[in-house]
Each structure stands twice: as C-alpha cells, then as structure tokens.
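Visitor: Each chain, written out:
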Amino acid sequence: MTAFQVILMGLLIICAVSVSFSKNLLNSILIYMSFSLVMSMLWICLESPDLAITEAAVGAGITSVLFFVTLKKIHAIDASDPDAKEEKENE
Amino acid sequence: MSKKKNAEAYQKTFAFRFFRWLSGEKDPYTGTLEMHPQKEYQPDREAALRHEKEHDAIMDKVYDTEHNRWLHLFHRLYQTTSVLFCLFLIALLLVTVSYLPANGTVTRPVNNEVSARYIEKGLEETGAVNIVAGMILDYRAFDTLGESHVLFVATITVLILLRLNKTEKDEAEVSDRRFEPKNDAILQVVATFLVPVIIIFGIYIILNGHLGPGGGFSGGAVIGAGLVLYLNAFGFQKTERFFTEKTYKWVCFFSLSFYCLAKSYSFYTGANHLHSVIPKGTPGAILSSGLILPLNIAVGLVVACTIYAFYAMFRKGGF
Amino acid sequence: MGPNLLANYGEAVSAILFCIGFTNLLLQTNLIKKIIGLNIMDSAIYLFLAEKGYIAGRAAPIVADGITSTESYINPIPSGLVLTGIVVSVSVTALMLSLTIRLYTRYHTLDLDEISTQLKREGR
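Chains as they are written, first to last, in numbering that gives the first Met the number 0: chain A, 0 to 90; chain B, 0 to 318; chain C, 0 to 123.
By construction, these hints were calculated from the structure, which means they are not laboratory data.
All the given hints hold, so there is nothing to weed out.
Some chain B residues judged to face chain C by a derived CB distance under 8 Å, without partners named:
1. Tyr98
2. Leu99
3. Asn102
4. Gly103
5. Val105
6. Asn129
7. Leu150
8. Thr156
9. Pro212
As the structure is a computational prediction, the values presented were derived from the model and not from experiment.
Glycine included, each C-beta is placed from N, C-alpha and C at the ideal position.
Model the full assembly from the supplied sequences, consistent with the hints where possible.
Guide: Following this line, the structure appears as structure tokens:
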C-alpha cells in the first residue's frame, strides 16, 4: 500500500506542476480533473471512503464541468459580440 | 455745519463709485477695457478629434508596456523573488514536517480523547453505523447547517452576478446553443440509459449515508451531475418542465428550515436533559439512527439543487 | 532537520503541493489558472488534515460487527472536517468563475495585467 501511495503522490505533484506549464487552458483544466481523480484514489488509501466519493463527484465532476462551461461561455462572448470581432479584424 | 454737495458732484466722488462697485451695480472695467461681443459657440470637430488623438497617443506612450524597460526589469525581479520565496517556503514547511510526530502512529496528539469518545459512544448515542456521518450530522450538526447555508448564499451570489433579464436570456440561450449539435441522437440515447442509473445511485448514496460511506453531500453532487447530463442532452425546454426558479426556491426553503427545526428540537431536548421522542432504531437497519436520515435527505436536496442551479446559471444566466 | 521527514512523506507532499499552488497564484496572470492554483492549495490542506488522522493498519470509521473499541478505527474528526471543506470549495470556485465571466464580458481578456492596465487607462 505504501508504494502505491508514493506513486499516487508523485502523480499529484506532476499534475500540479504541469497545470502551470501547459499553454492551453483546456489542457490545464483536464489535468486538474485528473489531479482530483488521483486525489480521490488517495483518499481510499487513507481509509476515508466518504471523502473519496465526495471528491470524485464534486472535485472531478462538478468543478471541471463548471470550468468547461466558463471556457465555453468566454468563447461564446467572443463570437457573439460584434465590437470585439471588428477590433480583431482591424488588428 | 455740514456742506451739502449736489448730486452731480457726489457722483464723481470715490465713495460713490466704491459703494456702487461694492453693491455690484457697476462694473469698474466698463469703458476702461476694450471688449468685443463673443462669437456664438460652434463645436470644432477637427480640434476635438485632434485632441482625442493626442490624448490617445499620450496614453499609448504612458501605458506602453512592451517597451518599458523598468517594467520588464520589475517583472523579472518579481518572478525571481516569488520563485525564491516559494522555494524558501517549501524548505521551511519541510523542516517543520520533519519535526512532526511520525505518520500513522497512535501516539499523535491528534488522536486524543475526543475522537476516542466519538468512536466508542458514537454508535450508541447517534445510532449511525458510519461514525463520520454520525459526527457531522449529530454531534456537529450546527457546522453542517452553516455549510448548507454557505451553498445557498453562493448560489444567490452567482445569481446576482450572472442574472440576465428575459430578452437577454433568450439571446444567450440562442448564442449558447449555436455551436453545438442540437438534440444529438447519440447523446440522447446514452443519457436515457445513464441518467436514471446515476440518479438512483445518488439516492442510494443519500439513503445509505448512515450505514456506509456517503451521505448528503456526495449523493447530492451525484444527483446534480445526473441532472446536468439530462440538461445537456435534452436542452432547457425539457428541464424547465420540472425545475424552475420556483422549484429551487421552495426546495431550498423547506430543506433548510426543516434542518433548522429538527436540530432545534434535538438541541432543546439535549440541553434540558429531556428524553427525545425520535427513536434510534436498530443500528444497521435503513430506518435507524434518529434524525440523521432525514437530515441527509435535506442536505442532499440542497446540494443537488445548488449544483444544477450553478450549471444552469453559467449556461444561460438563470434557471 | 528533524528525524521524521521520510515517515511523514504525506505531509511533505502536501507542503510541496501547497507551495506549487501558491506559486501559481503569484506567477500566473491568467485568471482561470489562478483559480486552479487556489484549488490545488485547497486539496493540499485537505491532504494534510487527512494524513493527520490516518493510523496505519486500522480500518475506516464504519462500525463493523459491532466492535466499538478505539483500537480498530482511524480518527474520524479530520474526515468530517475535510468533507465540509470539499463542498465549500466548490461553491467558492463557482463564485470565482462567475466573477471571471463578468470581468471577461467587460474587458474581453482573461489576463489580469491587461485588465489592470485597462482600468488605469480609463482613469479609475
């Protein structure tokens, strides 16, 4: 169990570092999603199944969905706003 | 004997002129300065444009962040300082961690008589097999009530920030669904199979909160995720048949006030050493552990509604 | 250095994660990445709390076979605290994301430096 925990913790650190180094926003959100999943596996190793269920449903599910909707909303604002479009064409 | 001046002579004296000037009847400059009648104001388009252009040029020069050498230097300094600070913080925390009592041992100060009491008497006093559920919904129920209110207040704040009026909402809905396939067949078929399973699993987690891992928070989140999937597959017209702003309002109102009243009753009986009429039941049965099951249901309803409300408000600024 | 750094590897990892999240907050100018950094800091704190309550060789705090002795279960208090924290962190994230959307509709950028430059240009 200890070796498994060490591997999971290494994955956590890798995910956390690569969030900040990824250029694409969508990529960093996906990496954060996997961070939450690794975290929920770690809760099982730490004998807290309540936390594992909550983290899997809330951290990996709902939070990432909210991030995705925010990204989509931002692109929708860009596409639907005529002023912003003109400015981009002028540039 | 005073000497009487005639009016003409008086008008030439300094005193007359001074008092007239003081009372504002005469402008002392009249007749002494050369004055022209002013021209009528005519807006000068070109000058205004030129002025605006000059202002923009000045602003561009002032806020020219790309060629500002000092700003670049400051950025470089800021980045190095923050990286160094974080390395220092890591070193500091690691040294602190190395002095903490060893992990996984029983003799840590965290494992004191409070947790021992929860484990030894928890089943007997709350009737919940899951000690964590018994703790957060019985011993520390006040905490959980505050947390439900945090969720409620967060929903209201998001509603204030993202709310749109009726026409804007329709526009947002149109532009929101412009770039995605409407009523995608694959998604709809998959959702028809998956949504009932997800929601039943969520209900199972909520109802088993006192018997095993789970409870109101996780179950509510699972149900909310099921509702989000349904919304994505079938669109807002279908969900508005059963979930509107009014539904949210009443579900949250009844859940939170039920929670308040139930815990008030148990606080009242507990503080006055009265016998509570709520039966504990046999531990392990589904209808056991007193108030924990209804409270779990209330919390689960609030969480599910909150999650769905977050999603709907992010999508189109309203329910 | 104290004697327990290798034994406390969980706490060490949570300290490193906390600092990574904090560096994200300091160095990223993108608002969404800043929010992710804050969430990583949250998770680090939860990991630290859960590691505190963990006792090697004991089971999760769910009573099995009617055994209610302290020797068989881990400490349930950190689990309860973290359960509260995870759900609150979701509502905090939703609040921050909605603020981000508002900022984007106003300034058409997610870059915090850009936003503050535009604010100064408007003379506010």
